[in-house]
Amino acid sequence: MTIIQRLLLVSCLFSMPSYGQVSSADFLKQYQLPQSSVKTLWLSPEQQAAVKEILSHPYAGIRIRYWQDQGRLGFILNEIGKELPITFGIVLNSKGIESMEVLAFRESRGDEIKALGFRQQFFGAQLTHGGDLNQNIDGISGATYSVRSMKKVAKLALYLQQQIQQP
Amino acid sequence: MFKRKLRFFLHRWHRRLGLTAAVIVVLVSITGLMLNHTGQLELAKQYPQSNLWLWPYPAEANLGLKVEDNVIYQAGDAVYLNKQPLLNCEPPLINAAQLNEQLWILCKQQILLLANGQLIESIDSQLLGNDITNLSHANGSLLFLQGNTWFGFDDISMMLTQAMPAPKNISTPQVLENHLQTNHTISWQKVVLDLHSGRFFGEIGVYIVDAAAVILLLLSLSGFWIWFSRLK
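Heads up: the protein sequence lines correspond to chains A and B, in order. Counting along the first sequence from 1, when you hit position 112 you're at 112 in this note's numbering, and nothing is skipped either side. Position in the second sequence (from 1) plus 1000 gives the number in this note's numbering.
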C-alpha cells in the first residue's frame, strides 16, 4: 500500500459516518445467503485447540453455525474487543474473504473498524501456511483492541472455511 | 527563647501527629502499591466473597431461575449456571427451559444452548425473527414467543415452525435466595480503591483520609523546620 493510499484510507476512516447495528438476518439477506442454508460444524478436540491458538482463548461453545450457498460461506462470530463482545458477519468465497461486516459494536471506543475503508483491507484475504492473513492490515490508533479482534475473527473464519471445505 | 519553645512544641506534636497518621498512611501506602499493580494482581477480575469486604456495598439481588436441578442467574452481563460463569449475555435474562439433555437459555438477544452443563453454542435470537420475547416448552417441544404467538422451533434450520398453543406454566426469573447470592460485581479493584480513598468507611472515611493527608503535609513542614532550626 502506497503512502497516498494509506492517507486516503485514514481520510476515509474519519469521513465515514457511524452505523447502527445490523441484524444477523439482515446480514444474511444482504449477502444472499438463505437462512435455510444453515449448517453446523462440531469442533473436534484438534479443531478446538487450533481455534484456541487463533483466538488466544478457548472458543465459547463446541458447535459453530454457518450458512453455505453456491460455494460461498457465511459466519456470524463474536469476539471480545477490549471488554465487550463485537459481533462480526463474514462472507467467504473460493478467493478468501468476500466481505466482513461489524454487526454489533458494544464498546464505547474503537468503532472505526465499522468503516468500509478499513474493512476493505480484509477483502480477498486468505490464510498463509503459517496461519496468518496474507494481506497487511493497517491498525487504527485508539481502536487497537477492536482491530485485533477483527483480525482474529478473519483468521478464524478462514480456518473454519478450510475445515469445512477440506476433502 | 521563643524559637526554643516553638521547637519543643513542634517536636512534641510532630511525634503525636506522626503516630496518629501512621495507621492511615500504612493503609493508603499498601492500597496504593496494590493499585499501582492492578493489572499484574488481576484485581479487576477477582471478586471478594466475604462480608468482611462487602459490608459497605448494598447487596445486589441476582435474578435467576431454577430449572430442574440447575440454577441459572445473571450478574452484570454474565450468565451463570450453578455459580459457573457461562458467557456474556445481554441482560435481561428472560427464561430457560430444559428439554431432554438440552438446556436452552434466552437473554435479550441471545440464546444459549447447553448439554450436560457444557455450552454448545450461542445463537443470535434475531435469526429466529424480530421480537422474540420468551421461551418455554410443552409436550417435548421447545417454544418461542414472537409477538403474542407461541411458535415451535426447528433447531436444525433454526427457524420458527407452526403456531402452538400457549404453554401452561411459564416461569419468570425470581430473586434468588441468599445462599445462592454470589458477588460478581464488586471487584477487588473497587474494594482496594475505596479503601485507598476512605470511601469504604463512608463519608467520614473520606474526611479521615483527608485529615491524614493534611497531617502528612504538616509533618513534612514541621520536620523541615525542626531539621533546619537545629542546623542554625
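Treat the hints loosely; a few may be bogus.
As the list claims (entries may be wrong) - As a list, the in silico DSSO-like pairs of lysine-lysine whose alpha-carbon atoms are at most 27 Å apart:
1. LYS39(A) / LYS1108(B)
2. LYS155(A) / LYS95(A)
3. LYS1045(B) / LYS1005(B)
4. LYS39(A) / LYS82(A)
5. LYS152(A) / LYS29(A)
6. LYS82(A) / LYS1168(B)
7. LYS52(A) / LYS1168(B)
8. LYS1108(B) / LYS1045(B)
9. LYS151(A) / LYS1190(B)
10. LYS152(A) / LYS52(A)
11. LYS1045(B) / LYS95(A)
12. LYS52(A) / LYS39(A)
13. LYS152(A) / LYS1190(B)
14. LYS52(A) / LYS151(A)
15. LYS82(A) / LYS151(A)
16. LYS1045(B) / LYS52(A)
17. LYS29(A) / LYS1108(B)
18. LYS82(A) / LYS1108(B)
19. LYS1003(B) / LYS1083(B)
20. LYS152(A) / LYS95(A)
21. LYS95(A) / LYS52(A)
22. LYS82(A) / LYS1003(B)
23. LYS39(A) / LYS29(A)
These aren't lab readings, by the way, just hints derived from the structure by calculation.
Hints, verified against the model:
At most 27 Å may separate the alpha-carbon atoms for a hinted pair to count; LYS39(A) and LYS1108(B) meet this at roughly 24 Å. Simply put, LYS155(A) and LYS95(A) have alpha-carbon atoms about 14 Å apart, close enough for the 27 Å limit, and the pair holds. Restraint check for LYS1045(B) and LYS1005(B): not satisfied, since their Cα atoms lie roughly 55 Å apart, outside the 27 Å limit. Using a Cα cut-off of 27 Å, the hinted pair LYS39(A) and LYS82(A) is violated, with the two alpha carbons roughly 30 Å apart.
With a CA separation close to 25 Å, the supplied pair LYS152(A) and LYS29(A) stays within the 27 Å bound. For the hint linking LYS82(A) to LYS1168(B), the alpha-carbon distance of about 43 Å lies beyond 27 Å, and the restraint is violated. Using a Cα cut-off of 27 Å, the hinted pair LYS52(A) and LYS1168(B) is violated, with the two alpha carbons roughly 43 Å apart. Distance check on the hinted pair: LYS1108(B) and LYS1045(B) sit about 25 Å apart at the alpha-carbon level, within 27 Å; holds.
Taking the CA atoms of LYS151(A) and LYS1190(B), the gap is near 33 Å; set against the 27 Å cutoff, the hint is violated. A distance of roughly 11 Å separates the Cα atoms of LYS152(A) and LYS52(A); the hinted pair therefore holds under the 27 Å criterion. Pair hint LYS1045(B) plus LYS95(A) does not hold up; C-alpha atoms about 41 Å apart against a cutoff of 27 Å. Among the hinted pairs, LYS52(A) with LYS39(A) is consistent with the structure: their alpha-carbon atoms are about 22 Å apart, no more than 27 Å.
Proposed proximity of LYS152(A) and LYS1190(B) is contradicted: the alpha carbons are some 31 Å apart, above 27 Å. Taking the CA atoms of LYS52(A) and LYS151(A), the gap is about 14 Å. The hint holds against a cut of 27 Å. With a C-alpha separation of about 14 Å, the suggested pairing of LYS82(A) with LYS151(A) holds against the 27 Å cut-off. Of the pairs offered as hints, the one joining LYS1045(B) and LYS52(A) holds, with about 21 Å between alpha carbons and a cut-off of 27 Å not exceeded.
With a C-alpha separation of about 22 Å, the suggested pairing of LYS29(A) with LYS1108(B) holds against the 27 Å cut-off. A threshold of 27 Å between alpha carbons decides the hint, and for LYS82(A) with LYS1108(B) the separation of about 22 Å falls inside it, so the pair holds. Distance restraint check for LYS1003(B) and LYS1083(B): the Cα-Cα separation of roughly 67 Å exceeds the 27 Å cut-off, and the hinted pair is therefore not satisfied. Between LYS152(A) and LYS95(A) the CA atoms are separated by roughly 19 Å; this keeps the pair inside 27 Å, and the hint holds.
Our distance criterion of 27 Å between C-alpha atoms is met by LYS95(A) and LYS52(A), whose separation comes to about 25 Å. At roughly 61 Å between alpha-carbon atoms, LYS82(A) and LYS1003(B) are farther apart than 27 Å, so this suggested pair is violated. Restraint check for LYS39(A) and LYS29(A): the C-alpha separation of about 16 Å stays at or below 27 Å, so the hint holds.
Checked against the numbered hints listed earlier, the structure breaks hints 3, 4, 6, 7, 9, 11, 13, 19, 22; every other hint is satisfied.
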